[in-house]
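For reference, the chains in residue letters:
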Amino acid sequence: MNWFLNSMLAYWVVLLLFSLGAAAVIYFIWLKDSLI
Amino acid sequence: MFEFAIAGISAPIFLLVLTGMTVGMVGGFIGVGGGYMVTPALIVFGFPGYMASGIDVMHIAGKSVVATIRHRQLGNIDWILGLTMVGGTMMGVEMGVRLLNYTKALGLSGIALLTGSVGIMIGLFLYTQIETHKAQKKINELTKAGKTVGRELSVSTLPLFFQSIALRPIVRCHTARIVISMWVIVIIGIATGVLAGFFGVGGGFIRVPALVYIAGATTHIAVGTDLLEIVVSGGYGALRQYMSGNVDMIAVWFMIIGAMFGAQFGSIATSFVRGPAIRYILSYSLVLATTGAFLRLFYMLTGQQYQFLNFFAIVFTLGEMIFLCLFIMTLVIFSVRHRHGKWVPGWIPSLVATP
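Protein chains in written order, with the numbering used here: chain C, 18 to 53; chain D, 587 to 941.
You may find that some hints are simply not true.
Label-pair distances were calculated between CB atoms; the ranges are [as the list claims (entries may be wrong)]:
no. : chain 1 : residue 1 : chain 2 : residue 2 : range
1   : C       : Leu26     : D       : Thr743    : 25 to 33 Å
2   : D       : Ile854    : C       : Gly38     : 27 to 35 Å
3   : D       : Phe847    : C       : Trp20     : 34 to 42 Å
Here are some, though not all, of the chain C residues that point toward chain D, as calculated from beta-carbon distances under 7 Å [said to hold, decoys possible]:
no. : residue
4   : Phe21
5   : Asn23
6   : Leu37
7   : Tyr44
These are calculated hints, taken from the structure and not from any lab test.
We treat Cβ as the ideally placed atom computed from N, Cα and C, and that holds for glycine.
Given the sequences, and given the hints that come with them, work out the whole structure.
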């Protein structure tokens, strides 16, 4: 757990997954029906 | 949804404001215009490609003025360095556009663009990552040895070579604290301008590393001075795009509403971090943009058959902007916590500025 909390790589991965998830939510709510 | 009459489409206002805010924050922090993130995002929202490019350049011109003013107040602009480079940059952009037209005439522009952009972005990402990682390690070693470390540390030896070139006239850049041949600065401007003109971007993601690793400016000065360049090149680009009818001003205004806040926050955030933190965010933006471009390319090359590739490309385009913003906000929050003696992850102290 200590390694995870102090690891920049772990933080990077978690943040990226969170961001991609937020982007997927935005896609499904606002963009899905109007896309190219 | 809002009807954009000139663009001929409906698009959600919230997403335009959010895009302006996120790219404004990233641009104010790492000194880029953000065109390589905004143009694909606008295309995803439904704007035609030429209109996406025009709206992007117009919003970049406005946003970079806001960010430049803030960086000037923070003391991050070297006017001598910036104004010396401007002429070279404009010349380089014109040469880059002509080179693009030449490769287009040979039928090679698509391949040349893709190969060139991927090569440069991956090369910059690798060099910046390796150098910044070494700089972070050195900061940790110096801190453990009880020495005070300033807000900038770079381990690259390239600037020493370029600063030793004795071609007159020699310019003294007082704010950047470098003494260097004017021709080196002009050639940096021309080279980065050619790349910017060829790839159709502002060039910040090339110019900031060039100012750091070739001229030897600190990262904060490179960011502020590059934003000054973007005011000039973006302003010219915006004028040309507007004259060509490629701009929907209502869309631009919505983006600038978001960018006004984002660019301010991003610029101010630089005062909470050390140079390596800015270089890390720059390298992440390069690798994420390249990944998004690859996904888009695979989707096009497979005849648009596989919708999941399109879905991932869109999610990456939007997710990249959210990721970079959240990372910047993280650095600021942890910097404040570190100053107050509270717990922060082990990788934070070497990246944040101490008062």
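Hints and how they fare:
no. : hint                           : in the structure
1   : C:Leu26 - D:Thr743: 25 to 33 Å : holds (27 Å)
2   : D:Ile854 - C:Gly38: 27 to 35 Å : holds (28 Å)
3   : D:Phe847 - C:Trp20: 34 to 42 Å : holds (37 Å)
4   : Phe21                          : violated (10 Å)
5   : Asn23                          : holds (4 Å)
6   : Leu37                          : holds (4 Å)
7   : Tyr44                          : holds (6 Å)
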